[in-house]
Structures are given as C-alpha cells and as structure tokens.
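> Spelled out, the chains give:
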Amino acid sequence: MSQLIATLLQAAFVIAIAPFMSGIVRMCKARLQGRKGASPFLPYLTIATLFKKEMVISEAASWVFRAVPFVVLATSVSVAFILPLLFVGGKLASLSDFLIVGGILMIGSIFLVLGGLDPGSAFGGMGSSREMTLAALVEPIIIMIFATISFVTGTFAIDGMVGQSLIWAHPYLLLSVVAFLFVALAENARYPVDNPATHLELTMVHEAMILEYSGPYLAMVEMASSIKLTVFALLLSNLIFPSTVLGAAGVGIVSIATAFAYGIVKVVIVAALLALLETTIVKMRFYRMQEYLSIAFITALSGMVVAIFAVYAKIGITYYAMFGALAVFFVIFLFGHARSQAMLRYYALSSLAIAGIALSLSFIKEDEKTHLWIFALVTIAVKSILVPRIIRSAQKKYKDVIDPRSFLRPASSYFIAVVILIATFFILENTPIVGLVEYSSLLYASIALVALGLATMIIHRNIFSEIIGLLVIENGIAVFTLVTVQSLPLLVELGVFIVTAVSVFILSILSARIRELHGSADTEQLRKLTE
Amino acid sequence: MSPFITIAIIAVAAITAAALKKPKDILGSAWVLALLGGVSVFAYTVPVIFNPAARWSDDLWLLDGFSALIATMVAFVYIAATIVGVRYIGHEFEEGVVNAKDLKTYFSLIHVFALSMLIAVMANNALLLWIALESTTLSSTFLVGLYRKKTSIEAAWKYIIICSTGITLGLIGILLLGYGSVVAGIKGSDIFLISALANNAHLISADIVRWAFVFIFIGFGAKVGLAPMHTWLPDAHSKAPSPISAMFSGVLLNVALYAVIRFKFITDSAMGHSDWTNGLLLFFGALSIIIPAFMMLVQNNYKRMLAYSSVEHMGLITFALALPPIGAIAALIHMVGHTLTKSALFFGAGEILLEWKTTKTEKVRGLLKYAPYTAILFLLGILAIIALPPSALFVSEYTMFVNAFALHPVVSLLVFAALSTIAFSMLRSTISMFASGKEENVPTEMKQKWNITHSVIALQLALLVIFGFWVSTDQGINLINSIAKDAIYISQK
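Sequences listed follow chains B and E, in order.
So for the first sequence, our numbering puts the first residue at 1; every next one is plus one.
So for the second sequence, our numbering puts the first residue at 1; every next one is plus one.
Read the hints as simulated data drawn from the structure, not as lab findings.
Being a predicted model, the structure only gives us computed values, none of them experimental.
A virtual CB, placed ideally from N, CA and C, is assigned to each residue, including glycine.
Incorrect hints may have been included.
With a cut-off of at most 30 Å between alpha-carbon atoms, the simulated DSS-like pairs for lysine-lysine come out as follows [unchecked claim]:
1) E:LYS438 to B:LYS397
2) E:LYS101 to B:LYS396
3) E:LYS149 to E:LYS363
4) B:LYS369 to E:LYS187
5) E:LYS360 to E:LYS449
6) E:LYS104 to B:LYS396
7) E:LYS363 to E:LYS438
8) E:LYS150 to B:LYS396
Restraint ranges, calculated between C-beta atoms of paired labels, are given here [to be verified]:
9) B:LYS369 to E:VAL182: 14 to 20 Å
10) E:LEU36 to B:ARG345: 46 to 52 Å
11) E:LEU459 to B:ALA423: 37 to 43 Å
12) E:ASP275 to B:ILE422: 32 to 38 Å
13) B:ASP367 to E:ILE466: 55 to 61 Å
14) E:VAL39 to B:ILE458: 54 to 60 Å
15) E:VAL39 to B:VAL502: 27 to 33 Å
16) E:VAL182 to B:GLN341: 39 to 45 Å
Computed footprint of chain E on chain B; a stretch qualifies when at least three of its residues, placed anywhere within it, have a C-beta under 8 Å from a C-beta of chain E [said to hold, decoys possible]:
17) 453-465
18) 492-506
Just chain E, with the same shape it has in the complex (with noise of 0.2 Å):
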C-alpha cells in the first residue's frame, strides 16, 4: 500500500466537510473519515515499524522505520483529535461560539492539516518535504485563528509570519545541500533525495552543508518551536481549539522536528564527525529547557503552561538528540511518550475550558468536584509529563540523563534544575484548580458525565504506561534501537 490511497482518503475527507450543507452530517462524516484516513496509514507504517525488512524508498516516499514511527503517530493523532475535535467544536457550536461557516472551515482543514504532516513525514524528496511543511502551517493559520477575535486572530498572524519566514530560511538551506551535491558531482533527481543525500553525504563539501544547516536548523527550527524562536507557540497553542492545539503540540511540532534529525544526520556524515550539530543542539535544547521553566513559574494560563511544557519537550529531545550514541533512542522514546501524555492533557485542557470558559488558571476552582473525570485524568496526564514513573516519558528521561551527566555535567544540571522547577510549576497550578472557590467561579452545570473524551484520554494515558513498560523489555528497546538506526543511516544498508 502507498501514501497515495491515504492522499486520496483524506482528500475526500476534506472535500466531503467542505461540500455538506448541514453541520451534523459534517461532524458524522468527519470522524469516520479520519478514522479510515488514519486506519489507511498504519496498513503500511505499522509493517514497516516492526519488520526492517519491509522498509522502502523511492523517488517520492521514503518510509523506514523513523518515518513510518512518526507517521503513525500522526495518524494516531489525526483520529483522536477529530473524534475529540467532534464533541468539542459540536458542542462549541450548539452553543453558538462558532457557526456553521467556522465549523465547516475546521473540518475541511484540519484533514488537509494532517495530511500535509503525512506527507512531511514520508517524502523523500526534500523539496516535498518542504512543500509540505510550510502548507502544514498554511492549512492550520485559519485553524488557530478560528475563534474571530482579537487575541485568536493575533496569534494566528504571529504564528504564520514566524513559521513562514523560518521554513523560507529553512528552503535556503535545503537549496544549497542540493547545491553541495551538484558541486560534488551528483547528478539528475538525486540531488534533493533524502535518500540520495544521505548516501553521498561524504562527497558533499563540509563547509557548505555546514552554512545549510545553520539555515535548516534556524528555520525548522522556529517551527519546533525552540527558543529563541519559540514565542509564536504559546500564543496560537493558547488561542486554538484545543483539538487543535493537541495536534500542534503532539505532532506538528515533531513533524518539524523530524525534518531537523533527518538533516542532522545528513550534516554529520557530511562532516565526519557529529560534535558540530551536537553542540548546536545541545545549546538550543537547553536554552528551550531553561527559558520556558521562568515563563512556567509565572503562569496563570493553563493552556499556555502546557503550550510552554511542549516548548521544553522539544528542547529535551534536542537535547538528548545531542548525546552520542544512545541519546537518539531516548529522543525516540521521549517523542512518542510526549505524543501521547500532551495530546491527551490538552483534550483534558479542552474539557475544563468548555465547563468554565476560561483559560485562566485562577477561575478555575472546583475541578475534582464538578468535573471528576476530567480532574483525575488532567491529573494523571500532568504526573505524567513531569516523567513520574510509569510513565514512558521516566524512561526516556532517565535514560538521556545517565548519559548526559556523563558527558556534560554541568549544562545537565542546569537542566535538571530547570526540569524540576517546571515540576513544581505544573503541580502547583493544577492543584489549585482542584481547590474549592468562589461561586462564581464554578461552572453551573452539576456533575458531568464520561464522555468520548474521557475515553480518548484514558486510552492514551494506558497506551503511555504500557509502551513505558514495553521500552524495558529487551524486545521492545531492540526495535527502538532500530528506528533509531534508520534515523541515523537514512535507509542506507
């Protein structure tokens, strides 16, 4: 099976929401298209995650263990949000905060949405990959700036402006790899293959792969949303539907990500050696540990504390990225566990945000009384992120930090003190949600129900602990160390 059935799936998904008139057959059709759409990508990644041997590329896709990993996550993401983003913007819309026109816009988009991300994480050729990426922020601006106000609209400028310029610089970078390996003396289509490039990186002059990564890494590296090119982040993940805002933070955010680790490793065997981009990560990677860690102490926004909590995830996996030799597998592991525990915390976030209608931290009050289930699951999605064991995140964690204190004690222990302030700041605001308050600031509604929501958290949080405990399992960090050699040797036998 190809890519090219999911294109064709997802693509009637988007002209189906965008062609129904009425918004209840948009919120039926969507979810079980989405489902097929998602369904249609694992029948060809999940083969290719456990079986090396089925991986393949071609002059278009290219799908090995790390690419196929990433896209079923996205895939994954795709169906939860939708089925999530079903009951949130329904339920938003009976209540009037959006129309019909708006509902329809978010269900057209947030196929195409996904499947710029799809075809991000399996193109082969760079220039794809680009296109992809940047219409991955095309297709979300009007999804971030779905509600018409001020704030929303604001955050939907910054975010395009900021990620537009940064994949345009990324695009130079691209353009002179290719350039290198025209100077080296490759011919035809083969210059922008990712394949290709990864085969004949150690033909292409150091210096200038050097200057191209400089130029990928600071414009993909705006879209990870690494600081100090962060600030666009918290801004669109606070202001979008929060469906939205899981699928920025779960996989938009690793598809960008994905693009930077595949050049990484082009660069380093470019260059012989990997203490170059090493030391760039390992610099970028703490400072997005560090700077959102102050922004967190000071946080009375929840949604913007998580969007700060993914800003530092990112920065972990850059970081760990930057640990030879098994910091790629922790990176691999920290992807996935980061995935699925934000994901599911901004559902949760989403569930608080339609009984109180708020995003501010301090009108929230009563949340274990009045919403049990969303309490206890927002709960254990916070414990969670901050890597308390069993979550799978302890041990990608665990993992990097052995090595790290080995190899940089000092930075390591600024990280980690960074870490455990975020810790603090996390605990601290949610717990105070679940303090009694004021009437007024409880909602009016009495006792909620469980609702598919629930299910979706609850499911992601089982799968997070199972994977944790499978990582452990001498079979489980077998395949992982596998991924992470397709992530390193791009499909190179």
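Next up, chain B with everything else stripped away, as it sits in the complex (with noise of 0.2 Å):
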C-alpha cells in the first residue's frame, strides 16, 4: 500500500513541480545576464492560459497531429511514475528497465518528429529532421551508459542501480554520469545542442517541430518537456547522491516530507547549474553535434571498457589510478594535436588530473591530507591557470597562429603514443621498483608522462611544442613525487612550483624572440650553429 502511495505521491510532486523547474530556470539565466527576469512560477500561469486558448490547426494535419500531445505527455508522466526520482522500491519500480524506459522516451520522440512532420510547414520538417538526427546519436550512447550500470550493478532496472550507492565505489562509473549529463542536455533540448528560447530558423530543434501547435496541444506539448527535465535532473542527481533517496516502503509522513525537500532541492540547485552552464557555453553549430555527442560516447565507452576489464580482470579500479590514467589520456590528446590552443587546453586538463590524483590519495592517507590538498591547490594555481597564461599572453604578441608542425600526422602521433606506452609497461614491469611502490599503477602513469613528454620534444619541431613536453615531463615527476616521497618539505614543492613558473616564463620570452628573429616557430630553422 504504502508502495503505491509513494509512486502516485513522486508521479504527483514531479508533475506539479515541473513547470517551476523551467521556470526557475529561466529566472537564474535573467539574473546571470544582468536581468531581473519572471518569476519562477510563471510558466503555471502560461500553462493555465494556453489550455483557455483556441487552438489553430493547419487543414493539412491528419489525426496524428492531434494524438502527438497526449502520446508526448503520456510518456514523460509514465516516467515520472516508474523511476526511482523521490523513492525507491516503489509499485512500478519492476517496470524501470532502462530498456522499458529507453523506449518509452523513444516513443515520445517519435510521436513529437511525426508531429512536427505532419502538418507539412518547412519550419516543422527541418526540425523533425534535426530531431532524428540527434536521436539516432543520442540513443546509443544512454543504452551504452546504463548497460555499464547494470552490468556492475548486475541489475537491468534503473531502480536498482540507484538504490545500490555504487557510483563512489566505482570511480569509472562517473565516466558513465558524465556521459549522461552530455546526453541528458541533448534530450531535453539544452545548450549547447539546442537552444530553448530561440525561434531562430538556423538553431531551433525541438522548438521547430513544435512550432505548429497552439493553445491546450502546446501546453500539453510544453508540460510534457518539462517533466522530461524535472526527471533526468532528479534522476542524475539520484545517481551521484544515492543516500538522498528514500526507500517506498513503510512511507510514512516524516519520510514524504523529507523526500520532498530533497527533491525541491535537487531541482533547484540542478536549474541553477544548468543556468550557469547556459550563460557560460554558447551553442554549438548543428554540424559539430556530432563531435559532441561522439565525446559522450566515447566517455561511455571507456567507462564500459574499465568496468569490464575492471570485474573480468578482478582489479579494483581506485580514483587515483583512474586520475592517473586520465592524465596520461590527455597527454595522448595532446600529442595528437596540431594546434598549440588544443594542446595548451590539454595540458591544462592533465595538470588537472594531477591534482585529482592528489586529492583522492588525501583520502586515502589521513595523515597527509593537508598537504596534499595544498599540492593539488597549487598544482591547479600553477600549472592549470598560471602557465597556460603565461604561454597565451607571450603568444599573444605574435598573433600568428603557430601551429607547432609535426612531421607526423594525428594517426601516427597516436601510434606512437601508444607504442610509448607499450614500451613504458614493459620496462617497468622489468624493474624492482614496481613491487615496492605501495601505488605501482601512479609509477605507470607518472613514467609514461616523462616519455610522452620527452616524444612530444622530439616529434614535434617547434619551440612551443617543446615547452610543452618539458611541462608534461615536469608533470610526470609531480606524478611520481606522489607517488615515491609523499612528503616533500612545502617551502622545496614551493620551490619547484617557482621553478616550473620561472621556466614557463623565461622559455616563453626566448621563443618571442626566436620568432621575433627568425619569424617563424619551426626548430628546424634552428641549424645555424653546427660546427
């Protein structure tokens, strides 16, 4: 009984708080642009309005144009009823298969493409078109992402993968959240995919193909989207904070209460991040959806291929080794690319890594907390904002685009990387310096970056890629202090942070002047002195 009261009470608080979620968040973006904006509650009264409008249909649309509402709205509420959003365990928690629920979006889909089909304006046809075009990406990559779940959970039904706090434990399964947070902002129609507030006959997706209705349809149509939002923020909220969902069993009043503030909360503070990311990112051209959802996939991918090997091979997979590898990964980016902004951004993210390394070791080691979170805070300070500066603004003087030549292309570079690392494995696995360390898969990481960044000096013939090798080097010792001597004294790790910028600094004066002399940033031009 209580079961059933828990399902209709989370079906009934999304379906009411759904259009203040829009709301609320139109109201964060007004006030970050510098606007005052609506009030949150707005879109209710929008709502109440468009159902006491008359609704103008086209002669040209069939029956399907006016089922598309209802199927549209159906589907987001039949949602809201089956996922674990405030409770878990509820009456038709066996119903959240993420194959059920994947198919059920489907269908909403479908039905909003053929809707905006059917009428036969242009508006509507490109939308549609667009539509499916994303869907045919998007729907991939969520049956990817949950089948990593549920492979780790060994549970087909998303209620069971939120109820078991695994996200925590298995640190590449974040790789499977973030996946879904660039899918969620697809399918609800968000930046930088979609833009919500445009009629712009360039951007427009979703508003396109549902550009025909009016009046009660369109609020149907509008409500529906709103509860798809409300849902996929409360359900990745739920995936990365298991514990604030409670269990629909033995519900009781305290409980409806509590779950109810956690819900408000969630959506709030989710509307406010989404607010943030839209005024901060622009919209990407409809051509580049590809390159963006193809980094949804392959982050689900990996996340896959690590939960994999991590339960075949019996290996725990712990942050730090996850940190580890994500910044050898970035240096592999790194090294595949031509254009010094791209590398920079690399190396910027990899340092990153590094703190991260830094941070989750602090967890595991109670005593060096402190100092490990000064490591990863001046690790972040230095290397991730100061030096990618310093290079900008030496560039920045040269307005040329350097792009450091290399005489390899992307592919080959890539091969190379990873016969580096190949070869890294094996000579380690040969040393006696593997058994000893307590954090052998670091030692990995931290040698791997040395030769990657010893490669990028050699194979890239430009004075910027060679400052960037040194950093990467410099980044892999930073790994390997970690790794070895935990605690250095903070006044010498100062005094390396110095050292690191001083260089930065000095080398890009003198790659100034090279270019200033020489006018160009290629190091073969620099073959004058052989004697």
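Work from the hints to combine the two standalone chains into their complex.
Written as structure tokens, this is what we have:
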C-alpha cells in the first residue's frame, strides 16, 4: 500500500514541480545575464492561459497531429511514475528496466517528430530531421551508459541501480555519469545542443517541431518537456547522491516530507547549475553535434571498457588510478594535436587530473591530508591556470597562429603514443621498483608522462611543443613525487613550483625572441650552429 | 659565518644592478659588490679547506672540504669574471654592441647565476641542490642569449631545453633516492639530506639506488656536458659573452659534476662496491674525451675549440673518478687546474674577440704583432691546458694515467691518443692566429696596452703553476687527500 502511495506522490510531485523547474532555470539565467527575470512561477500561468486559448490547426494536419500531445505527455508522465525519483522500490519499480524507459522516451520523440512532419510546414520538417539525427546519435549512448551501470550493479532496473550506492565505489562509473550529463542536455534540448529560448530558423530543433502547436496542445507539449527535464534532473542527482532517495516501503509523513524537501533542493540546484552552464557556453553549430555526442559516446564507451576490464580482470579500480590514467590520456590527446591552443588546453586538463590524484590520495592517507590538499591547490593554480596564461600572453604578442607542425600526422602520433605506453609498461615490469611502490599504477602513469613529454619534444619540431614537452615531463615528476616520497618539505615543493613558473616565463620570452629574429617557430630553422 | 651572509650580499648586488640607472654606476658597483660577495665566501670556505676540524653540516648546508673547495673556486671565478666583465661589457657598451638594458640584465643576472652555483655546492638538502642547479640554468639563459642575434638566441634555446630536461630527469633520481630511504625506514627530513643519505646508504636498496643514479647521471651529466649530451655546450660557450663562457666552463660544469660526484659515492656505499658506477663513469668519460678530439681537428672557431676542450676536460675528470684508489685525488687537482686555466683562456678569447670582432680562427691574424700581451698569455694558457709541465694539469693527468694504464690499458691508450690529437689541434689553431695575414684580418688599432684582463689572466696562470708545485709537496698532497676523503665519505667520521 505504501509503495502505491509513494509512487503516486512521486508522480504528483514531479508533475507539480515541472513548470517551476522551467521557470527557475529561466529566472537564474536572467539573473546571470544581468536581467531581473520573470517569477519562477510564471510557467504555471502560461500553461493555464494556454489551456484557455483557442487552437489553430492546419487543414493539412491529420489525426497524428492531434494524437501527438497526448502521447508525448503520456510518455513523460509515465516515466515520472516508473523511475526512482523520490523513492526507490515504488509500485512500478519493476518496470524501470532501462530498455523500457529508453523505449518509452523513444516513443515520445518519434511522435514529436511525426507531429512536426504532419502539418507539412517547412520548419516542422526541418526540426524533425534534426531531431532524428540527434536521436539516432543519443540512443546508443543512453544504452551504453545504462548497460555499463547494469553490468556493474547486476540489475537491469534503474530502480536497482540507484538503490545501490555504487557510483562512488567504482570511479569508472563517473565516466558513465558524465556521459549521462551530456546526453541529458541533448535529450532535453538544452545548450549546447539546442537553444530552448529561440525561434531562430538556423538553430532551433525542438522549437521547430512544435511550432505548429497552439492552445491546449502546446500547453501539453510544453508540460511534457518540463516533466522530462525534471525527471532527468532528479535522476542525475540520484545517481550521484543515491543516499538522498528514500525507500518506498513503509513510507510515512516524515519521510514524505524529507523526500519532497530533497526533491525541491535537487531541482533548484540542478536548475541553477543548468542556468550557469547555459550562460557560460554557447550553442554549438548543428554540424558539430556529432563531435559533442562523439565525446559523450567515447566517455560512455571508456566507462564500459574499464568496467568490463575491472570486473573480469578482478582489478579494483581506484580513484587515483583513474586520475592517473586521465592524466596520461590527456597527454596522448595533446600528442596528436597540432593547434597550440588545444595542446595548452590538454596540458591544463592533465594537470587538473594530477591535482585529482593528490585529492584522491588525501582520502587514503589521512595524516598527509593538508599537505596533499595544498599540493592539489597549488598544482591547479600554477599548472592549470598560471602557466597556460603566461604562454598565451607571450603568444598574443605574435598574432600569427602558430601550429606546431609535427612530422607525423595525428593518426601516427597516436600510434607512437601507444607504442611508448606499451614500452613503458614492459620496461617498468622488469624493474625492481614496481614491486616496492605502493601505488604502482601511478608509477606507470608518471613514467609514461615523462616518456610522452620527451617524445613531444622530439616529434613536434617546434619551440612551443618543446615548452609543452618539458612541462609534461615536469608533470610526470610531480606524479612521481606523489608516488614515492609523499612528504616533500613544503618550502621545497613551492620552490619546485616556482622553478616551473619561472622556466615557463623564460621559455616564452625566449620563444618570442626566436620568432622575432627567425620569423618562425620551427626548430628546423635552429640549425645555424653546426660546426 | 654562514652562507646566509653571502646570499644577502649577492642579493644586494643583483638588486643594486637592477635599481641603478646609469651604466657607469652599474659597472662601478658590480665588481665591488662581487668582490665583497666572493670574499665573504672565502671567509668561511678557506678555513674549512685547510682545517678538517672546521667542517660542519646542518639541515641546510653541508660544508666539508670538497664543497668548500668548489665554493671557493666558484667565488674566485665569480670575482674574476665580474672584473673582466666590467671591462668587456663596458667596452661593448661603448661600441654599441649591447644597449643599456642588456647591460643591466647582464649585471643583475650574473650575481644570481653565481649565487645559484654557490647554493648548489653548499646545499645539504638534495632538493635544494636541485632547485639551485635548475636556477643556474634559468638565470644564465639570458646571459647566453645576451646578444640579440639569431645564433645567440638559438644557443640560449638549446641550452635551456637540454639542460632543463636533463636536470628535470635528475629530479627523478633524487626522488627515487629519497624514496629508497623512506623504504629503508628513515624518517623525517633526513630522507633528502646528503649527509644523512651518505650515512644511511648501506640501508637503502641497491636496486633503487642503481636506478636513481642512472637518472641522476644522465640528467646532471647533460649539464656537465658529457658526450653525447654535450651538444648545447659548444653553442652556449661560443655565443655567450666571454666572461660568461669563463664562468660556464670554469665553474658551472664543475658544479654539476660536483652533484654527480656526491651521488656517485652515495651510490657506491649503498651498493657496497664501486665497480658499477666506475664502469658508467669510465665509459662516458672516455667518450667525452674521444668525441671532442674529432670535433677539434676540424674546428675553425677558437671559442668553440675552447668549449670542446671543456667537454674533454670534464671527460677527463669523470674518467679519473672511475679509477680507484687515487683517481679522486687526480680528479680534484684537475678540477682546480682546469678552472684556473680555462677561465683564463676564455678571458683571453674575449680580448681577441674585442679586437678582431670575430670568432673565426682563420680571420684572426697577426695576434702577436697587434696584441702581444693577449697573444703570449693565450699561448701560455693553451700550453697549460694541454697539460705541459709546470701546469697543475700535468700533475693530475700524470697521476691519473699512471693509474689508468694499470687498470684499463686499452681505454687509456685510446684516451691518450685522443689527448694528443687535441693538443695538436689546439696548438695548430693558436699558432695559426700568430701568423701575419691580410690587412682585412687585422684590427685597425695599433699596439694594445696592458689592461685589467691581462692582470687577471696572468694571476690565474701564476696561481696554476704555484698550485701545481704545491700539490707535489707532502703538505699539498695530504690536504688534497683529506678533501678527496670528504668527497667520498660525505661528513662521515
């Protein structure tokens, strides 16, 4: 009985709060953009007004057009019933198999697409075609994400996945969560995939499909998309913080109140973060959508690969190991890139991953906590922020876009990087240090970073890549420090950071002078002194 | 007196140079302050050298006979190079080769550079040593690239990239060594103290130490200029202003070698024998003698010739270190002798460069006629560097080869052949500069006067001969022996 009540209450809550969610996103966005913004409760009025209005329906429209709002709303509402949003183990929990949920969502999208096509207007068709392109790309990612989680948790039901607090225990599931975040943005037609606030021919996707709807039908479609947004917001936060979802069995007044309170808090926080995201990034061009979704796919895929690897090879994947792997991966991307800005970005990300290693180690070694935190903070400050800034400001003097030409194409660069990684692995296997070091996975990462840094210096024949290569080696040594002697005296550590910053400063001045005198940044030009 | 006084004086010197406006004031203050800084070093290093009881170490500094000797050498060359530099850079400033801003950069950085070297040799903390060694690279990069010409900037670039990479790899070695002591159960700040490492070396796992030494040797070896990591050295030496080349060749390489030697003996006592490190040192030492021999045969640039000679001498010192039991003594004598001779030679090369405005040997003609003092002192220097008696280098080379022929006859023969080649090529290019030549290859000014640089060179050569005789006496050999013991058994009683 209590399960039924819980399920009903959850659905009622989600339906009731959905317009508020849309409203609060709009308000936060307005505030962030310096406007006052409308009240977050405005969407309730809008929907109420729309229900009172008369509908204008094209003569060309068939029954499909009329059926669409009902189907779309029904799919959203049914998802609100099934998924563990406020309570786990509700009456319909057994239905929350991720394939079923995916299917229900797909029905909604397909009908929306049909609704766009049916009246035969130009915009509707355009929106539908775009939506189908996106849907075709999003669908496999969703399956991949939930397949990974179900592989780890041993259940197909999303209810069961949320019920076990597994995300923090298995760091690779974070990859799936990140992919889910990407997909959630795409599914709900938010930035950077779609702009929900525009009716601009060039950019709209979701809005184009529902352009022909008016009056109560429009209200239903709007309501459906609000519900969907709320559902995704709650589901995402539940995956990350599973302890905030209460059990449906034996639900009482107190637990209902707590669940509602949690729900409101989550909705407000997610809405605020979404608004922040939408004010800081821009919408991507439609033709770059496949890049965005490819990143999501690769993230989801790597989550799955690591999960399978970890389970079958019976290796406990730890946070520091994951961050170590990330640090190396970013350097591999850096290795294959030719644009200096991209290289700097990947360098900054790699340094960020190293700060992540320090942070995750701080939870293992309690007595070193403050020291590791300081290390992480200084790493972020110096290597992720200060160093890229120094290099950029030195480059700004010379406006010409410097591309660090490498004598290898990206594909073969990646190949070399992989060869280096394998070589590092086998060389280290035969050294006696590996057995001694407590965190040997990090040792591999550090030596791999050093080797990749050296290779960057050799393969890219450019002064800029030599700087980056040196910095990557330095990063490798930072990891090495964390692995071996964890407790460098703080002053010495600061000294090392200062040395890094100063050498970057000197190198960028010097590289600016080289460009001034030689007119190019190619180290092939530096061949005058051979005798 | 502690090294902090020196740090304060030299910091004041660097700030003074940066703060003063008029070039004349900068030139005037630079050598006074350098003299003050250098003498402050002598004040606490010289007693340590001559009195074994005065040797001390704490958490920050390690002042035994070996580090005091190198620090004295650094301070000496620092004073000499600043005095010569005041004339050299002052002359170039008058001629408009360098502008006021470059002059200011030069005289602020030269102090920082010297200070980094002093800290590097006196540091007891291996990481402080590392930071100081890296800052020698960072502070001297703009000194190498002082002339804003394509080739100078290129030399500076090669210098900073190769040396920074090398020293960064050296850091891995130091960290590994520290890790080895953590594994061995050594606690607290002792894990990076050189004196503590030496005391506890027998506890540290030999495998870790072996790997650590490979990194340290390759990394710091790049800075020493050992072949095949020497490629930056001829470029940097030939393109830097001559006083800076003198500091590079005379002391910077020795400072880096100092670090290698410290870690070599720690490695030896950790492994229980010295065969492995000796093999490494022997190989790279011999390589660093043989490769420059070929390069010097075809060399037509006298500053590059001197630079290759530095590679060769670093090779000789490394080679000597690999020859137990008296190799360390020969190496120490050779270090002192090489420092005195090579810096004098670079000062002389600077004088030639000022008059002839070229570093090409074939374009320098009539040296004896137009610059007799420079010519004679330069020739004496060349004779000293190819180890003709009564140069102190003869004493050291004689000592090491007596030992080497007994231990490694084949390698010694190869090295000996290489040394003869080097002697031949150095004499050939020097003598060719003495010959008279076309009008265009001689300077316009007539007859040069005796100047301060000549006095400095003459003083150094005189010191070299006196040192050569003195180490042959009982008292001298005993002192060198006690310093060599300090190098081997770092502050162990």
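> All hints, please: hold or fail.
Right, here's what the structure says about each hint:
1. The suggested pairing of E:LYS438 with B:LYS397 is violated, with an alpha-carbon distance near 46 Å, which exceeds 30 Å.
2. Our distance criterion of 30 Å between C-alpha atoms is met by E:LYS101 and B:LYS396, whose separation comes to about 23 Å.
3. Distance check on the hinted pair: E:LYS149 and E:LYS363 sit about 20 Å apart at the alpha-carbon level, within 30 Å; holds.
4. Pair hint B:LYS369 plus E:LYS187 holds up; C-alpha atoms about 18 Å apart against a cutoff of 30 Å.
5. In summary, the hint linking E:LYS360 to E:LYS449 is supported, as the alpha carbons are separated by about 23 Å, within the 30 Å threshold.
6. Taking the CA atoms of E:LYS104 and B:LYS396, the gap is about 26 Å. The hint holds against a cut of 30 Å.
7. Pair hint E:LYS363 plus E:LYS438 holds up; C-alpha atoms about 9 Å apart against a cutoff of 30 Å.
8. Distance hint between E:LYS150 and B:LYS396 is fulfilled; the C-alpha atoms sit about 21 Å from each other, no more than 30 Å.
9. The hint said 14 to 20 Å for the Cβ distance between B:LYS369 and E:VAL182, and at roughly 18 Å that hint holds.
10. About 49 Å separates the C-beta atoms of E:LEU36 and B:ARG345, a value consistent with the hinted range of 46 to 52 Å.
11. For E:LEU459 and B:ALA423, the hinted distance range of 37 to 43 Å is not satisfied, since their beta carbons lie about 54 Å from each other.
12. The supplied range of 32 to 38 Å is met by E:ASP275 and B:ILE422, whose beta-carbon atoms lie about 33 Å from each other.
13. For B:ASP367 and E:ILE466, the Cβ-Cβ distance of about 58 Å falls inside the hinted range of 55 to 61 Å, so the restraint holds.
14. Taking the beta carbon of each, E:VAL39 and B:ILE458 are about 46 Å apart, not inside 54 to 60 Å as hinted.
15. A hinted range of 27 to 33 Å for the beta carbons of E:VAL39 and B:VAL502 is consistent with their spacing of about 29 Å.
16. For the hinted restraint 39 to 45 Å between E:VAL182 and B:GLN341, the CB-CB distance of approximately 40 Å keeps it satisfied.
17. Counting residues of the stretch 453-465 of chain B whose C-beta sits closer than 8 Å to any C-beta of chain E gives 3, which meets the bar of three, so the coverage hint holds.
18. Three residues within the 8 Å Cβ limit are the bar, and the stretch 492-506 of chain B against chain E gives 7, so the coverage statement holds.
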